[in-house]
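Q: Model the placement of chain B on the given structure of chain A, informed by the hints.
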Amino acid sequence: GDSVTQMEGPVTLSEEAFLTINCTYTATGYPSLFWYVQYPGEGLQLLLKATKADDKGSNKGFEATYRKETTSFHLEKGSVQVSDSAVYFCALLLTNAGKSTFGDGTTLTVKP
Amino acid sequence: NAGVMQNPRHLVRRRGQEARLRCSPMKGHSHVYWYRQLPEEGLKFMVYLQKENIIDESGMPKERFSAEFPKEGPSILRIQQVVRGDSAAYFCASLTDNEQFFGPGTRLTVL
Chain A
1 GDSVTQMEGP VTLSEEAFLT INCTYTATGY PSLFWYVQYP GEGLQLLLKA
51 TKADDKGSNK GFEATYRKET TSFHLEKGSV QVSDSAVYFC ALLLTNAGKS
101 TFGDGTTLTV KP
Chain B
1 NAGVMQNPRH LVRRRGQEAR LRCSPMKGHS HVYWYRQLPE EGLKFMVYLQ
51 KENIIDESGM PKERFSAEFP KEGPSILRIQ QVVRGDSAAY FCASLTDNEQ
101 FFGPGTRLTV L
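Just so you know, the sequences run in chain order A and B. Per this note's numbering, numbering through the first sequence is continuous, rising by one, with the last residue being 112. Per this note's numbering, numbering through the second sequence is continuous, rising by one, with the last residue being 111.
Just so you know, the hints here were simulated from the structure itself, not pulled from any lab data. Computed from a prediction, not measured in an experiment: that's the story for all the values here. Take these hints with a grain of salt, some might be off.
[Said to hold, decoys possible] What follows is a list of derived Cβ distance ranges for each label pair:
#, chain 1, residue 1, chain 2, residue 2, range
1, A, SER3, B, ARG107, 23 to 29 angstroms
2, B, GLU68, A, THR20, 39 to 45 angstroms
3, B, GLU72, A, PHE18, 49 to 55 angstroms
4, A, PRO40, B, LYS44, 17 to 23 angstroms
5, B, SER30, A, PRO112, 44 to 50 angstroms
6, B, PRO70, A, THR107, 35 to 41 angstroms
[As the list claims (entries may be wrong)] In silico DSSO-like links for lysine-lysine, alpha-carbon gap of 30 angstroms or less:
#, chain 1, residue 1, chain 2, residue 2
7, A, LYS60, B, LYS27
8, B, LYS44, A, LYS68
9, A, LYS52, B, LYS71
10, A, LYS77, A, LYS111
11, A, LYS52, B, LYS44
12, B, LYS62, B, LYS44
13, B, LYS71, A, LYS56
14, A, LYS56, A, LYS77
15, A, LYS49, A, LYS68
16, A, LYS49, B, LYS62
17, B, LYS27, B, LYS51
18, B, LYS27, A, LYS49
19, A, LYS60, B, LYS71
20, B, LYS44, B, LYS71
21, A, LYS68, A, LYS111
22, B, LYS44, A, LYS49
23, B, LYS62, B, LYS51
24, A, LYS77, B, LYS44
25, B, LYS27, B, LYS71
26, A, LYS60, A, LYS77
Backbone N, C-alpha and C fix where the C-beta goes; we use that ideal spot for every residue, glycine too.
Isolated chain A (complex conformation) (with noise of 0.2 angstroms):
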């Protein structure tokens, strides 16, 4: 069956760090990809995507790469904020299907 594995937490940075969680997936068709961000007692938010290989979804300076290759979806920040502590989740969404399937979450804690 599908699945999403993301590195394991927790994730301890420094303001202005670099910030690499790893996320790899195995899927029976062609999914999107997706990050969503969590942080304590709210729901999801979505953070980026990407639809199809070698796509790069962005925003608030996070970026991942859709590689078939390696069936994977590193999520990248060159340098992070106490603001940006949060649990972060990867998920793949196979549109046939409709559901989405999600790795476990990385808890990001950024000390200032």
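A: For chain B alone, coordinates are given in the frame of chain A:
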């Protein structure tokens, strides 16, 4: 995601009671997806419904859980005889143009 509405936002039940969670998808959408997020975990698919039809319930527990999406009104996720292990956040979502939009979730606490 502001268009997907869920209520209540927080629900407290004692063991053995029933929990009813409601979801209204984005305007004009007739499909609803329910997910459950256990503490410290990711979201797990539960059920996919269209108006008056269950399309995929492969993620639903076999007992005590049911879902419906009537012709009129919101989708309802119903949990009978709740147990402490049902404590979780329950999210619903709409699907459009290759993207799912999530509601704010209902946080169920079973005492």
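Q: Against this structure, judge whether each hint is valid.
A: Outcome of the hint check:
no., hint, verdict
1, A:SER3 - B:ARG107: 23 to 29 angstroms, "26 angstroms, holds"
2, B:GLU68 - A:THR20: 39 to 45 angstroms, "43 angstroms, holds"
3, B:GLU72 - A:PHE18: 49 to 55 angstroms, "52 angstroms, holds"
4, A:PRO40 - B:LYS44: 17 to 23 angstroms, "20 angstroms, holds"
5, B:SER30 - A:PRO112: 44 to 50 angstroms, "47 angstroms, holds"
6, B:PRO70 - A:THR107: 35 to 41 angstroms, "38 angstroms, holds"
7, A:LYS60 - B:LYS27, "28 angstroms, holds"
8, B:LYS44 - A:LYS68, "24 angstroms, holds"
9, A:LYS52 - B:LYS71, "35 angstroms, violated"
10, A:LYS77 - A:LYS111, "15 angstroms, holds"
11, A:LYS52 - B:LYS44, "24 angstroms, holds"
12, B:LYS62 - B:LYS44, "15 angstroms, holds"
13, B:LYS71 - A:LYS56, "40 angstroms, violated"
14, A:LYS56 - A:LYS77, "13 angstroms, holds"
15, A:LYS49 - A:LYS68, "14 angstroms, holds"
16, A:LYS49 - B:LYS62, "33 angstroms, violated"
17, B:LYS27 - B:LYS51, "13 angstroms, holds"
18, B:LYS27 - A:LYS49, "23 angstroms, holds"
19, A:LYS60 - B:LYS71, "40 angstroms, violated"
20, B:LYS44 - B:LYS71, "26 angstroms, holds"
21, A:LYS68 - A:LYS111, "34 angstroms, violated"
22, B:LYS44 - A:LYS49, "19 angstroms, holds"
23, B:LYS62 - B:LYS51, "22 angstroms, holds"
24, A:LYS77 - B:LYS44, "27 angstroms, holds"
25, B:LYS27 - B:LYS71, "14 angstroms, holds"
26, A:LYS60 - A:LYS77, "9 angstroms, holds"
Taken one by one, the earlier hints fail for this structure at numbers 9, 13, 16, 19, 21, listed in ascending order.
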